[in-house]
Amino acid sequence: MKAVMTSVVLTLALTFLAAPATAQVQPDNPFPKVKLVTTEGEIIVELNRHRAPLTVENFLKYVDIGSYNGTIFHRIVPGFVVQGGGYDHELVAKKTGSPIPNESGNGLKNKYGTIAMARENDPHTATRQFFFNVQDNPSLDPDDGWGYAVFGVITSGYETLDKLAEVESLPFHAETGWRDFPSEPPVLIRAEVLPQQ
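In case it helps, mature numbering (1 follows the signal peptide of the UniProt record, and there is no 0) puts the sequence shown at residues -23 to -1, 1 to 174.
It is worth saying that the hints were derived from the structure and are not from the lab. We put the CB at the ideal spot given by N, CA and C, even for glycine. Some hints could be false.
Said to hold, decoys possible - The list that follows gives simulated cross-link-like pairs (lysine-lysine, DSS-like), each with its CA atoms no further than 27 Å apart: (1) Lys10 - Lys86; (2) Lys86 - Lys38; (3) Lys72 - Lys10.
As the list claims (entries may be wrong) - Simulated restraints, written as ranges between beta carbons of each label pair: (4) Gly18 - Ser160: 14 to 24 Å; (5) Glu143 - Leu68: 37 to 47 Å; (6) Pro7 - Asn46: 39 to 49 Å; (7) Gln1 - Glu145: 18 to 28 Å; (8) Leu147 - Lys12: 45 to 55 Å; (9) Gly84 - Gln1: 16 to 26 Å; (10) Lys88 - Leu171: 15 to 25 Å; (11) Thr132 - Asp5: 18 to 28 Å; (12) Pro55 - Thr132: 37 to 47 Å.
Sequences are here, hints too, so could you generate the full structure?
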């Protein structure tokens, strides 16, 4: 019996050690870069692990497993935000992990070209959806309460962001009941972590 228990414990331990799903992506890189290839062009974002460690790790997890590939930008509000990462082209919601704590008090502001986490009214409900600020949006920063956590900034591809922001949106999408749904949703073809330099 003792030998059987030892064997079971050893097997479980080896299985746990072999599981790569929880491994961090570039754990010693404080500013990892991610390239987003969209139907409107490419964007490279530099993430800030110092200011938003939990948010960056969460985002990189989805990138690393290819979960953002083939998703759409489903919400485009002119002069405000371009939001995506949550649905495929058939409007099927992508699988989400657990919600993460809100890191909006990290000092990073919702300025033009920054990337931040989308969430519900509850401040700690962000999972996988993100948005780009297409102008300075101080109303999204924490004031007396919680804001929307910025975790990076565009380093290349502002022209692509501007193209995304110019896509025509419908005030109301009858099929889903969503507001600001693009008439032809741009696609995030691929997201990939760039090699560490």
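Structure-based check of all given hints:
Between lysine 10 and lysine 86 the alpha-carbon distance is near 19 Å, which keeps this suggested pair within the 27 Å criterion. Pair hint lysine 86 plus lysine 38 holds up; C-alpha atoms about 23 Å apart against a cutoff of 27 Å. Between lysine 72 and lysine 10, the direct Cα distance comes to roughly 24 Å. Compliance with the 27 Å bound is thereby established for this hinted pair. With their beta carbons about 19 Å apart, glycine 18 and serine 160 fall inside the hinted range of 14 to 24 Å.
The hint said 37 to 47 Å for the Cβ distance between glutamate 143 and leucine 68, and at roughly 22 Å that hint is violated. Between proline 7 and asparagine 46 the Cβ separation comes to about 26 Å, which falls outside the hinted range of 39 to 49 Å. Between glutamine 1 and glutamate 145 the CB atoms are about 40 Å apart, so this pair departs from the stated range of 18 to 28 Å. Between leucine 147 and lysine 12 the Cβ separation comes to about 29 Å, which falls outside the hinted range of 45 to 55 Å.
In this structure, glycine 84 and glutamine 1 meet the distance hint of 16 to 26 Å, their C-beta atoms being roughly 23 Å apart. Here the CB-CB span from lysine 88 to leucine 171 is close to 22 Å, well matched to the stated 15 to 25 Å. For the pair threonine 132 and aspartate 5, the supplied restraint of 18 to 28 Å holds, since their beta-carbon distance comes to about 20 Å. Between proline 55 and threonine 132 the beta carbons are some 24 Å apart, a value that contradicts the proposed interval 37 to 47 Å.
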